[in-house]
Amino acid sequence: MNSRILMVVLLLLTIALVGLVAAQTSNSTSSGTAPTQQSSSTKAQQHKQKLHLPPNFSADDAYKQNCTRCHSEVPKPNERTSKTVLRHMRVRANLTQDEAKAILEYITQ
Amino acid sequence: MIRRFTLISAVILLVAFLANAQDGPQYKQPEGGAPLLTGFVGLGTDFQPGQQQVLPAIAPIVLIPVGDKWLIESELELEGTYTHATNQPWDHEWEKGFEYAQVDYLANRYLTVVGGRFLTPFGIYNERLHPRWVRNLQSSPYITGLEMSDSNGGMLRGGFPVGNFVNINYATFFSAPVNNSWEGSTRAAGERLGFFFTRARLEIGTSFQRQLQDGHVNTVGADAIWQSNKLPLDVRFEYARNRFVGSGYWVEGAYRMRKVPFLKPFMQKSQAEVRFEQFFTPPVMGMASGDMELPDSNAKRVFAGWSYWIRPDVRTNFAYGRELIDSGDHNVWTVGLTYRFAFPLTGGSK
Chain A
1 MNSRILMVVL
11 LLLTIALVGL
21 VAAQTSNSTS
31 SGTAPTQQSS
41 STKAQQHKQK
51 LHLPPNFSAD
61 DAYKQNCTRC
71 HSEVPKPNER
81 TSKTVLRHMR
91 VRANLTQDEA
101 KAILEYITQ
Chain B
1 MIRRFTLISA
11 VILLVAFLAN
21 AQDGPQYKQP
31 EGGAPLLTGF
41 VGLGTDFQPG
51 QQQVLPAIAP
61 IVLIPVGDKW
71 LIESELELEG
81 TYTHATNQPW
91 DHEWEKGFEY
101 AQVDYLANRY
111 LTVVGGRFLT
121 PFGIYNERLH
131 PRWVRNLQSS
141 PYITGLEMSD
151 SNGGMLRGGF
161 PVGNFVNINY
171 ATFFSAPVNN
181 SWEGSTRAAG
191 ERLGFFFTRA
201 RLEIGTSFQR
211 QLQDGHVNTV
221 GADAIWQSNK
231 LPLDVRFEYA
241 RNRFVGSGYW
251 VEGAYRMRKV
261 PFLKPFMQKS
271 QAEVRFEQFF
281 TPPVMGMASG
291 DMELPDSNAK
301 RVFAGWSYWI
311 RPDVRTNFAY
321 GRELIDSGDH
331 NVWTVGLTYR
341 FAFPLTGGSK
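Residue numbers (our numbering), protein chains in the order written: chain A, 1 to 109; chain B, 1 to 350.
Hints should not be assumed to be uniformly reliable.
BS3-like cross-link-like pairs, simulated, lysine-lysine; straight-line CA separation at most 27 Å [to be verified]:
1. B/Lys269 - B/Lys230
2. A/Lys76 - B/Lys264
3. A/Lys64 - B/Lys69
4. A/Lys76 - B/Lys259
5. B/Lys230 - A/Lys64
6. A/Lys76 - B/Lys269
7. A/Lys64 - B/Lys269
8. A/Lys76 - B/Lys230
9. A/Lys76 - A/Lys64
10. B/Lys259 - B/Lys269
11. B/Lys269 - B/Lys300
12. B/Lys259 - A/Lys64
13. B/Lys230 - B/Lys264
14. A/Lys64 - B/Lys264
15. B/Lys69 - A/Lys76
It is worth saying that the hints were derived from the structure and are not from the lab.
Throw the hints in and build the complete structure from the sequences for me.
Here you go:
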């Protein structure tokens, strides 16, 4: 019984936090990113749209947001090794396919 | 039992293929990667009053990509414990076992189907932080003792963006009972659901697992990871509760010292870490904790540590901790060295 109450409380807390952060984030997105978007090249924008990534989201962002969230930077691997590591991390870290591609782009550049 | 397991496996595969069939426009996948041998070698020490331990470990991981959508991966972990107690000779034992031996099928952009033996998706420590080259402090938090570490069965997992500001990630699993010292597991089912706010660099997750043998018992959990956008600071938190075994939490902060204006060559490769944790025993001991390595009474522990990377793949760590527990408050000193390696097994020289 206590576990159920706790689960409900945790779920409500999560939803509340999701709403709070979502509200703050969407405000900051609308107010602070226009200059960045304007300065990006059309080609880069098209590439990001193809990858289903936000317009002001870079491969560098993908790496920093996902990889260093858990571990420190690792030595740069070669391209084929990177692809294997990325496939492994896509599963382990629940990356989306587009995030994995962006990270691969970052570490093989 | 076998029929039920086969049925569940069939359902999981069916879901995967249906999801694959419904996938939108297919992206051209990058060329397949090379098979890889990776993992770490580590040596740790743990000094407490009256007891000293040396803890060598090696954990080779083999990753074999097959085609565009499959990955076979396995980690064998060998952990030694050499213990010396006051007025006693050195004693030692080695734990051997497969951390995971799984087949992954990338069904579509948002779903991966996993079968075999895998790390149980509960909280953030077990799946993401437990390798010694990743963890900030040598000692595992108390509450990892009440979470299942490995499962044998099937798992569906993945992630998908919602708008431009949040990515949702999920994992749900079923585990069959296996009574084997190398790859044992409990009959259980569970899930973890995470929300990652990309701009805030904040992830919040909740976990649930239900043990389906020896009494049906629930374990619930919550976790969070936050990385500052302005400072090289990470904060991690995890909570878990099982009403028959206990509850607890840990919170950990890590500050990379690269912005410190003095001793730059040293500081740029250093990180300071602090962890505080508490464990609460249940009011009524409903189940024996067995080999869960949990404290016998309420306990709290604080650690302050320092990591230094000799090279990006070689990490040293030193930490001092103080444990406050009914059996006697005491100091804990740990020192560790880890080397993370990655070698292509074939065709990876390009």
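For a quick check of understanding: which of the numbered hints are violated here, in increasing order? 11
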